[in-house]
Amino acid sequence: MSAAHKVLVANRGEIAIRIINACRKLGLGFVAVHTREDMHSGHVRHARTHGGDGAVYRVSSYHDANELMAVADASGATAIHPGYGFFAEDFRFARRVVKRDRPLIWIGPSWGVIRELGDKINTKRLARRLGVPTVPGSDRPIYDEMEAEELAQSLFAFQADQGFERHLVLLKASAGGGGMGIEEVERMDTFRSTYRRLRNYAKRQFQDSGVLIEQRIFDFNHLEVQILGNRRGDAHVHFGTRNCTIQSTGRQKRVEVAPGFAPGELTYGFDAGKVLDDIVEYSLRIAKEVGYNSVGTWEWIVTPKGDPFLMEVNTRIQVENGISGAISKINDEGPVDLIKEQVRCALGEELGYSQDDVSFDGLSIEYRIIAEDPSNRFTPWVGRIDRFAWEEQPWLSVLTHVPTDEPYDIPTEFDPNLALAIVKGKDLAEVKARGVAFLDSLVLAGEDRAGQSLKSNVAFLREKTANILEF
Amino acid sequence: MINVKELLEELKASPYELIDIVAPHTGVVEFAVKEPGLKVTGAHGAYREKPGTLIATLERERNKKPIRATLTGVVECFEAGLAGRFVEAGTKLATIRHYLTSKEVVDLILKKALFLFPAPERAKYYFIPEIDKKMRASGKNAVEVRDGMELLIMSRMKRETSLPYKGPDGKIYAVYFKLGENVDSGHPLIGVCPGDQLPLVQDVVNRVRSEWEEHE
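Going down the list, the protein sequences come from chains Z and G. Take 0 as the starting number for the first sequence in numbering that gives the first Met the number 0 and just add one per residue. Take 0 as the starting number for the second sequence in numbering that gives the first Met the number 0 and just add one per residue.
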């Protein structure tokens, strides 16, 4: 791999910091971008500290493709890492990056793969063709109100036939993601108004009014499989599973745990080890079929009976990749930096190891520390962070763009995510105890314009720690 | 009660605004303006179909974006040292001295006369679909608001929440936000004219029309 490569970090916050760190580990140059609102963000300071003033460019928006290309050219970047969100799963952008006059290396799955798997409906069809179970419901976006109603009626009828206690249909904006644009309907007589509201929202937010109609399965666990493929897409390894069941009321993940279940330590009403093996095998089956050629996450729901259904594939590095890396070793060396592996492979290096060389050790929890009010439907809190500190530990890694040595105003343009805390332990009891110890040591204070104290989800995270991985 | 005469005198003493023209995005800048003092015009014509005076061009991805005067006035200064260089978004390119028009003076004074409904948070704002439809069809003055009515959608941090109107009943006289743009907390979203303020509003309009001298 040539050290002459320079990576444009087309993202913000903690993921930008992690990408910069991965570049530094590989001896690569980097250039970061920021908007006016983010000028005080930690990722800007981090880039400046390690790359100088020339490593930071101010842009009008993270979502302006022309801006990123112009900065890439002006800075001499040879590759683009999109992080997560923004352009990470935009196949048109990925295609443009590699097909322009001055092509750049796209650090992510190739655009054809993103196009194939980035579309939930395509993924569903592909999965069904390969014999992989998927969530029952529509396998294409519905634009017609009458058709949507017919489909919803059939799902309610199915739930009644199955004897489900609570009947619920899920409406998802086809072009949405990250928990945005999802609504629930409990009765047929409220379906039409909800459908119309979501359709209008989807049109406004995503410029596409297509809506997917699925059934909501209660008491499920949300699991993930972490996959890595080489650049050619002909060699794949997995880095285990994660459990992301602990979410806010708006379906945003708050606590993630790796691995997805702990069959050696907890009792489940089904063979949890087999479920984990099955979802890994199903995920790899799809990855091999499409020639998946970067990091990616296969998202699953698992019912109380232990039946897994594929939800979607996230063709990007995931926020919670750190916990998979924390419990993984390659040739007995760990933790694994999955972003570094992603960059390395994207720049043309071979994987250099097979599944047999990957081993797993212990458990890891990731806490998403967010300024929000869990008692009020996780309403975001906006204001100034005055104090942010924690006790450093060898088993702890805190990733944050929030400065710890000066006040920080949370920009309203983005989620009020403050930090990710990754805790490692040798077993469930230890990782839970360490998680609570970290949360107890956390100092987080600030106030909003009205003088109200900062609201955060720390108490919620602490409460949820008691029952992680139980099902 | 506002003192219209006093406000007008204040504005007459300093009848202009200095408007910064900034790079809307990154790119290599070339100036069309050669020296300060040039008279410039903003977009004009019956449908604003005639573009403003070209101040500079900003090239990125082999596309030259013209940066034009947004308002009529005189070029106060421009950053000649940036010519031919790559600039970041938000970089100041030039400053225009813009002489206030009578319409702008009316708007400035009315901001003190109307009831201003402020943005509770920095966010993007939209009218609810029914109100939006009515405004498009019949204009903003066709919308009567009353305390507690559903009026706006506040969008921030991936969430949309409805924002009911709080204030006196009246007609919407001014809308201060633009679609898709963030409004800072405390900034006005709409100006509402309560029924008892109508004579005052009319007085402001008449006085400004008769007393304000337009600059060429």
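Mixed in with the good hints, there may be bad ones.
Only pairs whose alpha carbons sit at most 25 Å apart, straight line, appear in this in silico PhoX-like list of lysine-lysine [stated by the list, open to error]: (1) Z/K202 to G/K132; (2) G/K38 to Z/K202; (3) G/K64 to Z/K98.
Just so you know, the hints here were simulated from the structure itself, not pulled from any lab data.
Against the structure, the hints:
no.: 1; hint: Z/K202 to G/K132; in the structure: 16 Å, holds
no.: 2; hint: G/K38 to Z/K202; in the structure: 43 Å, violated
no.: 3; hint: G/K64 to Z/K98; in the structure: 23 Å, holds
When each numbered hint is compared with the structure, a violation occurs for hint 2 only.
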